[in-house]
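Novice: Below, each chain spelled out in residue letters.
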Amino acid sequence: MRYLPKSDSERLEMLKACGLSSLNGLVAHLPPEVLRQQDLELPPGKSEYEILDYFRARGDAMANGYASFLGGGVYRHYRPVLADVVVSRSEFLTSYTPYQAEISQGTLMTIFEFQTMICQLTGMEVANASMYDGSTAVPEAALMAARITRRGRILVARGMHPEYREVLTNSVKHQDLPVAEFGFDPASGEIDLADLESKLDDTVAAVIIQSPNFFGIVENTKAAADLAHRHGALLVSVFTEAVALGLLEPPAEADIVAGELQSFAISPSYGGPFAGVVATKMAHIRQLPGRIVGQTTDLNGNRAFCLTLSTREQHIRREKATSNICTNQALIALMATVFMAVYGKEGLRELATQNLAKAHYLAEGLERRFSGRFFNEFVVRCGSPDALNGALLGEKIIGGIPLGRFYPELADCMLLCATEMSRREEMDTLKRICASRSESVLAKSRV
Amino acid sequence: MRYLPKSDSERLEMLKACGLSSLNGLVAHLPPEVLRQQDLELPPGKSEYEILDYFRARGDAMANGYASFLGGGVYRHYRPVLADVVVSRSEFLTSYTPYQAEISQGTLMTIFEFQTMICQLTGMEVANASMYDGSTAVPEAALMAARITRRGRILVARGMHPEYREVLTNSVKHQDLPVAEFGFDPASGEIDLADLESKLDDTVAAVIIQSPNFFGIVENTKAAADLAHRHGALLVSVFTEAVALGLLEPPAEADIVAGELQSFAISPSYGGPFAGVVATKMAHIRQLPGRIVGQTTDLNGNRAFCLTLSTREQHIRREKATSNICTNQALIALMATVFMAVYGKEGLRELATQNLAKAHYLAEGLERRFSGRFFNEFVVRCGSPDALNGALLGEKIIGGIPLGRFYPELADCMLLCATEMSRREEMDTLKRICASRSESVLAKSRV
Amino acid sequence: MVSKVTQHPSQNEPLLFERSSPGKKGYQLPPLDVPAVDPASALGSENVRDEVAGFPEVSEVETIRHFTRLSTWNYAIDLGLYPLGSCTMKYNPRVNEAAARVDGLAWGHPYQPESLAQGAMEIMALLERYLAEITGMDAVTLQPAAGAHGEFTGILLMRACLESRGDARASILVPDSSHGTNPATARMCGYEVVNVKSTSRGLVDMEHFRGLLNPSVAGIMITNPNTLGLFEENITEITRLLHENGSLVYMDGANMNALAGISRPGDFGIDVMHLNLHKTFSTPHGGGGPGAGPVAVKRLLEPYLPTPRIVQEDDTYRYDYNLPESIGRVRAFYGNFGVFVRALAYILAHGNGLRNATLDALLNANYLRAGIEAHYTLPYTDRSLHEVVFSDAIQAKNGVKTGDIAKRLIDYGFHPYTTSFPLIVPGAMMIEPTETEGKQELDLFIEAMAAIAKEADENPELVLNAPHSTRVRRVDEVTAARKPIVRWEPAG
Amino acid sequence: MVSKVTQHPSQNEPLLFERSSPGKKGYQLPPLDVPAVDPASALGSENVRDEVAGFPEVSEVETIRHFTRLSTWNYAIDLGLYPLGSCTMKYNPRVNEAAARVDGLAWGHPYQPESLAQGAMEIMALLERYLAEITGMDAVTLQPAAGAHGEFTGILLMRACLESRGDARASILVPDSSHGTNPATARMCGYEVVNVKSTSRGLVDMEHFRGLLNPSVAGIMITNPNTLGLFEENITEITRLLHENGSLVYMDGANMNALAGISRPGDFGIDVMHLNLHKTFSTPHGGGGPGAGPVAVKRLLEPYLPTPRIVQEDDTYRYDYNLPESIGRVRAFYGNFGVFVRALAYILAHGNGLRNATLDALLNANYLRAGIEAHYTLPYTDRSLHEVVFSDAIQAKNGVKTGDIAKRLIDYGFHPYTTSFPLIVPGAMMIEPTETEGKQELDLFIEAMAAIAKEADENPELVLNAPHSTRVRRVDEVTAARKPIVRWEPAG
Ligand SMILES: Cc1ncc(COP(=O)(O)O)c(C=O)c1O
Ligand SMILES: Cc1ncc(COP(=O)(O)O)c(C=O)c1O
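Chains as they are written, first to last, in the working numbering: chain A, 1 to 447; chain B, 1001 to 1447; chain C, 2001 to 2492; chain D, 3001 to 3492.
Source of the hints: derived by calculation from the structure; they are not laboratory data. What you were told as hints is all true, and nothing was included just to trick you.
Derived contacts from chain B toward chain C, CB cut-off under 7 Å, selection only:
| id | residue |
| --- | --- |
| 1 | Arg1002 |
| 2 | Tyr1003 |
| 3 | Pro1005 |
| 4 | Ser1007 |
| 5 | Asp1008 |
| 6 | Glu1010 |
| 7 | Ser1047 |
| 8 | Tyr1049 |
| 9 | Val1081 |
| 10 | Val1085 |
| 11 | Ser1090 |
Where a beta carbon is used, it is the ideal one built from N, C-alpha and C, also for glycine.
Could you build all of it, start to finish, from the sequences and the hints given here?
Specialist: In structure tokens form, the structure reads like this:
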């Protein structure tokens, strides 16, 4: 087998060195009842050509050739060619966590750069090396806030991604950290500050908001922070669309920022692998979950980098660790790092500006459900989202995310997203179909 | 512009160091009549996304989704994933010719391995580092033979690839080296030894044959060599289908072997870049064209490799060089090297055996034009090749190469090729269409 | 004489920020095909930042050079043996990378209609089925993003099951040789951690274990083979006793590379376990991740698996969200799909020959053990499976610790083994070669270990100051932690 | 103090053959879906070999490690400045690699029907058009595989044209600063080579040149800017005189990186020229190739261009083989198509901004020149275009030659410049930075050159024995040539 670099004669020689005469001797000491006698019910091993053919055929059973206006936490953005080039370097792809600093400076320095750029984007002072994804970064931030404040309640905005909210609730459930929600303004789609205020008290560890929120709407982070802080709670600001940070004020008033970097050169890849991150103020660094790279010097006094503050982590602290996370999403975070390097200061802004323009072009003429200011996603009222999406599929367009599943009160709405990749013709087609449908609905209602 | 790593302020600073104040100052000394005033009539520079879109669209205007039975010097073979992985390494992709041995040992050692494996495959004792392709390797071999024998005439088999023959004739035309052809046996498709013998005399520098020849037929290299040698001429053996060497006796009786390695993990790529090679006996090494890597030692006595015998080459010998070749096809030869490493001894044989089986399956039931033994290509008589190919295109099959363009006497024939990639169903479809057409031809002729 | 490695120039490179200069560009966007929108008016000027201060400005060529140069400072599997115990650093087949980049898969959006997602769903369904077959379990969720996340999910499943019986119970048993994620996980699921001692042979101390069993015990998190590379010979007895106690058995499957095709956890009483696709199933570690930590369960835990689950109806796959007893999502979307593609590609490549890979992994570990045994202390001497743990006891007498020997291995051209784990072995040297190493590479490692043992004896300073050949010398981790500098800031 | 580079471990690796062991495999083929055929009976047993004796047998993981390790022994553009004069080692954009791998293009067969090849044909037609625009010529053939092959093609075209006038003539003028391929080519086309002297300013000696003109002169092969990086200021006069003499003018376009967007050869009297797509147009050198050497001609030479030519009719491209005056093919198929894709991608990226790239290339060369001038002899002092040629005259007094300085540059982390070319400069040091270098990298190079000049003065041995930091020390090229070992053979 091509992955096994041994000839049979080498195997025999090696067995001899082990005092054995056959491969079975290697497992002869296992209790007989645990030794499986049958072969695994798997097909015979395949060649790489068959394997590629198999996956290509599966790929063909996906949405090739469709335009798409899906967002909702996963965004279609151009992926600079360099991202794949860099992560395909064996030295990044096939290396382990950089515990041995002297032969891992490459990975360590890229993480240090990642941490720095996340700080620059978010207005925080320290970022970790990555979390599994945005959704799992949120409960980590919540737990962090609970440790910092020594309080035991979380308030989360209903405008945060519904799956993120679900993950949050499920994840902190058994750590005495009940999660309550506060609403959004039914007109603007922004957080309902009054509702938040009414639910805040001195047991609340953190208020969690997302901006732009699930509806694409830019939240008033400052106001939320003020409210939270007034009650001694922390503000956790969450982002799912990192591109927005190229244009929006950084959530510097927040105490913790948790987010998802999928938009930064990371393939949608049917939902993962992505890269989450948690960033905060230096005051809270010892409560951060996950790995952190720090700058130091070597024996000769030269600049060097290493993993640091590992006494927060499970491999040192076991049950007292800040998190159980071990493997993170390093290579994916590296893609995001390459993305940030490629776009840079001007590029990220131009990219964000293009997203803004595309989404506003798309929104023009559609019936927006909320009045709040939006970045590259927005909610439209469209009667039956499923029916509209069906009509769009006929034009090889994947429409928006029907919102009824997540928000029963928005059952007649869908979430549409446009990015720099959305083409004007596609958007025009979508708008045409929308218009013709609402006319025909109108026509029918007239009958 | 993203490929220009300078800011404007850096440009100014650098200009200052050159005693200039503007970029135009760099060309101010050119005669005014040569300075172009207008901009180039090119479109504005494009982003990488537009560039990729452009080429993807061009790729869609090709033969995606078609099965193909084309061969004739370019073969469809599986390409091991490692080939692209290796040649995508920056250190191979973006390095120059390894003149500076101390920082080029990687390239040098792979070429040494390439040369060795070519020798093992061909039965020769030395191979060069690569030629442009098979077709241009042939005139180089012819010129080499002329230098070695100090004779001035070439005999080439009509069964050699017609485009190779044309390149040969055109290339040696002005070096007092007339090229004459000898025929193939109209029944077997093999070289007509009698015709060859009749044309041989003591002015002939080389007899050039191809095996398997353009019709896919295995030639009697030994007999041709005997004849050539009897008249003091050299035998040059050419191959276009390197996979055949996994199964066929090496042309060790030849004095020079010239060939094309496209079959070894090199994309058909609409005809290039490919990798040619010339190999020979050690006695003739100083007449070889192109680069050669040799083994030597470094200052410390350790094994090292370097380009060697460069006194044969144009950069040293100028008009007295063995060839004018400079840039060769190193990276493409590296793909072939990786291919040979991946397949190895057993693999190349199994691959060749599969090709043999597929081609013989395809041939079964078709009307073969020649009786000679064939490897993975063969000639079928099919009435109108264009009409048959048209019918096949309707089934998304690209049929064979119509031979009339190259051999008027074979105007009712096409050259078909099957490789390990040819699928039984596709072959069955081709055979079905062939059969139904010849029936309908029969039917018509009956009317 | 180090025959594995030689020094060679390696390019220096500053931080991106130190390469930056205002106006340099590494990007270009296609021209906007819709009217421009003024950010301040669309978003409110108070919401629009002036710039991302400090963000780099570099060109494309500098970017590729930057990362290419940095890459050359790393060790990697593609460069040589990476014998990190417990990490299963095996060859990452490149065809898997190609598979994961197939357009329709890489650009698949998790919310695209199921009718346009059948390819991805089939991949997930097939991977679930194969993992169930390999582990001998009944059902699988692919959602968890890594091993620790799988543990978390698994313990939530146990908890849900116990809760459905009316009592979540209070504690989880964790052998003292276990990985740090185990106790950390138990804690995150609201359980107290109770340590189980190991015997002098390195196995669960059955007496101690029996003594710990009581009605408050929710279950155990057991690693088998354990982190010493030893098969828990009493595993059927252990699972039987726990089940009798009304407890459930979680297995940390990080060491499945020792069992695949040989023995199935489902057949020796395991109720729930995770797999590390980035270990056993060859997906690349990528400098720390990503991974995937699918959780396999017996029927009794199936109702609690996270939402959604994939179900097949005729030839069509669909998501089932209607799972009233489910613990719900542990992650947005469906998991690290790109990692699933790679793992499935790996399973397809070996197919029913997976057993041969396992046997080669065991052979390599035992061969290394045999080669090194003369020079280092072997605290536990039962037959090793996929890894072997030595201790630095002999060398420590000379002041040379496992960490020093590890650093010296670097000079010999190897990535070190895992140091200081498992905790029950003082000065542990935990070595796992995996099956994708050839004899030549292993022989060089044995040679290096022998040479270092000699150095530790004759010239300990040499080892204590290692590495000597790297572009940075031994790195000061203490200062790094004491005065954390965790981001670049402009000078002055 | 070398600030560019530091030593670091680099993996050793034997030859593939030394890794080989019978039975190891790196491949697997899909099962044969047709009946097996016995080779001996199908091919004749006399035609079937027993085995490929000596061929390697290695596994996949060993193969990738083998080539990955070897790769790390190389220098590369992606690692740093590669200032080889005359070679135009510029950044090779990675998007070009992606473009060349687009399925329909990479799998295109040269004989597939024209109706299924329109994509490739459009690419070639567009590239021809853009190259004609950039050079100011009328028609282009893409067939030649490299620069030298382009020269060969171009001189054949000249010859065909002259023959059509009844006299091919006998000789070709070649300036003494020309590249070796020029005289070698002239010779291969049946012409005698007549050298033209250079003046003390490094330009064509007009007096000598005029004296050489006579009716047997077929033409000239001139490089402009010449290999000293200087523009031939009398170029219009030269071309005029040749045309008056009934001769034709070939331009070696290897140095087009100095002219693109600035000056067009077609506008200063050139009749035929080649371009090196692997220089000016950024396609990767790949350790020696592949390249492509398109030839651009004026109308008068168009009838002779190789067959086939692409012609556009309405929206359709087709091949025209009916070219009675053509010199015929110089290569099978249509040329190095994959290289065309890359070059076109490059042109599309710069578009009408190509001029800016050229100016930056000139700026870089002049900046290096200004930085180095104080330390080395500059034999020709006219303003440089894209490259500058120094000589080792000062250092040679101490026994330190251009080759030694080159080797010492390696210790400073750079690939050397071109040594010993052009031949008219004794001890030449030919430096071409290209436009894709930033100021930081150039400053380091200047620093290194200054430091080496100092070393050559104060400690020549240090330079004479360089490089000191590489995995192999200076390589013995003399023995290599004296006793050629050009293939591996089994020991014993
Ligand atoms: C034994 C063991 N358990 C659990 C884990 C945690 O797995 P992960 O890193 O994928 O979260 C590891 C990983 O190192 C391990 O070795
Ligand atoms: C001035 C000059 N002419 C011609 C050539 C030959 O080009 P190629 O190597 O592409 O054959 C070169 C290449 O080095 C060159 O520098």
